[in-house]
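A.B. asks: Here the structure of chain A is known, so what remains is to put chain B in place on it, guided by the hints.
One line per chain: the protein sequences are A and B, in this order.
Start counting the first sequence at 219; every next residue gets the next number (the numbering used here).
Start counting the second sequence at 6; every next residue gets the next number (the numbering used here).
These aren't lab readings, by the way, just hints derived from the structure by calculation.
Ideal Cβ placement from N, Cα and C applies to all residues, glycine included.
Far from chain A, by Cβ distances over 10 Å, these chain B residues were calculated: (1) Pro80; (2) Phe87; (3) Val94; (4) Leu109; (5) Lys114; (6) Ala204; (7) Gly208; (8) Glu212; (9) Leu294.
Okay, the calculated bits of chain B under chain A, using three or more residues with CB under 8 Å as the criterion: (10) 241 to 252; (11) 258 to 267.
Computed beta-carbon distance windows for the label pairs: (12) Gly272(A) <-> Asp260(B): 23 to 33 Å; (13) Ile312(A) <-> Arg205(B): 48 to 58 Å; (14) Ile312(A) <-> Ser75(B): 35 to 45 Å; (15) Ile141(B) <-> Ala457(A): 26 to 36 Å; (16) Ile282(B) <-> Ser369(A): 25 to 35 Å; (17) Ala253(A) <-> Tyr106(B): 27 to 37 Å; (18) Lys110(B) <-> Arg240(A): 24 to 34 Å.
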Amino acid sequence: MSIINASQPGDIALAHQASLFRRGLKLRRTKIGIAISVTLMTIAILGPFVAPFGSTEYVDMPNTLHVAGTVFGTDYFGQDVLSRFLFGGRSILILAVFATGLGIFFGGTLGLIAAYQRGRIDEAIMRSLDVILSFPQVLLSLVVISMFGPSRVLIICTVALSTMPRIARIIRGAAVPVVERDFIAAAEALGETRRRVVFAELLPNVTSSLLVEMNLRLTYSVGLIASLAFLGFTPDPNAANWGLMVQENRVALTEQPWGVILPVLALALMTIGTGLIGDGLSRVSAGIDRGAHSE
Amino acid sequence: MSLLVFLVTQALPSDPAQAILGREATPESLAALRAEFGLDKSLPVQYTTWFKGVVSGDLGNSFATQMPISEYIAPRISASFFLLLLAAVGSIPLSIIVGAYAALKRDKKFDTSSSLISLVLAAMPEFVVGTILTIIFATTIVQWLPAVTYLEPGSPPWSDLMGLTLPVLTLMISVTPYVARVMRAAMVEVLESDYIEMARLKGISEESVLWRHALPNAIGPTLQVIALNLAYLAGGVIIVERLFNFPGIGSALADAVRSRDMPVVQFLAMVIAAVYITTNLLADIGTVLVTPRLRTRLK
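Bound conformation, chain A alone (with noise of 0.2 Å):
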């Protein structure tokens, strides 16, 4: 008995969330997001296994545009432009993706569980964020590089640390009005466990917000891994890296553009591409730049 009410928000909660993706998809704007999207990510992992050179091999002179075998010419260390670019979105992806991952794990957890339990842990759990909240993101990843060094994993978990809180804030935003419906009092009162209310009950309600939260920190936190390496600050310096390439290639800027232009390029179109996605999604779900009377 207890079973089947307690699964049925959930199936309700997941017929809903597959037709947001298709409901999604039907705009325009999602479909070009998802078209540019796809590209850029696959030129990020399959890009080093087509690469015509080494990441870190030396061509020719540094700095010349026309040089035999290349497209682009060489970068500011003689290397190949073009195989730099295609190495140097990867690494900056897969952090990305831990990081958000991380991210939205604990930011969401914290959420649901600010959300559910109201009164002073709400308080402590928000309050407590706040004070991350209180620092730019690029800020506190910078202290805490400072201390350690830029390692894989920090930079992961300073990423991670400083898109909790705002993950947090939303997701708690989108269970409060969850709770108190009916079949959480339901599913208390058939005596389930908390985490069990928590994460099967509460969860599946929240998911199109947590999806198009996902999305939005996947965008921000490329942003910042590539900010983080322009400035220098990455887990290695000889490896390709397109924020790092900008740094490398800017002084050069005026002889030899395409060390910039092409990284450059590809993080535009990565974020315009995610925005347009999670513009489409949260159209479809919320109409969230709509006004309230309008739907």
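C.D. replies: Below, chain B alone, put in the same frame as chain A:
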């Protein structure tokens, strides 16, 4: 908050003395350096010394440059503040106007195109925006503006206005779209509200409906977001200053992080976080003053 900054930077198991002297440092020289910086004392003692220093204005010396921090940082604070001020003065009215106008012309051409542009620009990292601007205006396409800001040491930040154009523009572009979106949403909601309909039915002129009734009520909620974004600018300057070689607190912070100059990192983190919190506070006060409903409750 000061405690948090201090704990994060000082109490974690990393040793600035080791970082400065490197791996080959002898135990004696490490101990000497720790004694010099007061690192051999207990944490609460270190914190009180540091906090007293911050409050009294005596910030100690930078590890890397050996200059007193106040001397090294003070001109940079005013330079960064000027940069932020210009960006704020430019972007706040712009985003309010764009947002409000888009709400008025809802689903017309201006609305859809401005929402698409803001969508495209909203999540783009500052260094990407700045680099694109540099490529367009300073190097590859046309050379109208300088690609870097050049300030003589000791000269005020407004002595190179041309050099300031691109940094300010970059900061504006990274803030305006989001605020404009929120302003549009707030304005749409207000325009559909009962009291606006009431005002229109009373026969008040459309102009007065907009300026006296709609706009003030829409700006209220937007102010919060403006504050959040100004605070966000305080983080954005780190990147933008680096990009344009602007001698402000952001580039100082990036340098300090690279050389593990802890006193400078601690102090700048405090400054930026303080800016962040102050703007949020000001927005709370501003919201009360602007929103008619809240203002009357005050009296």
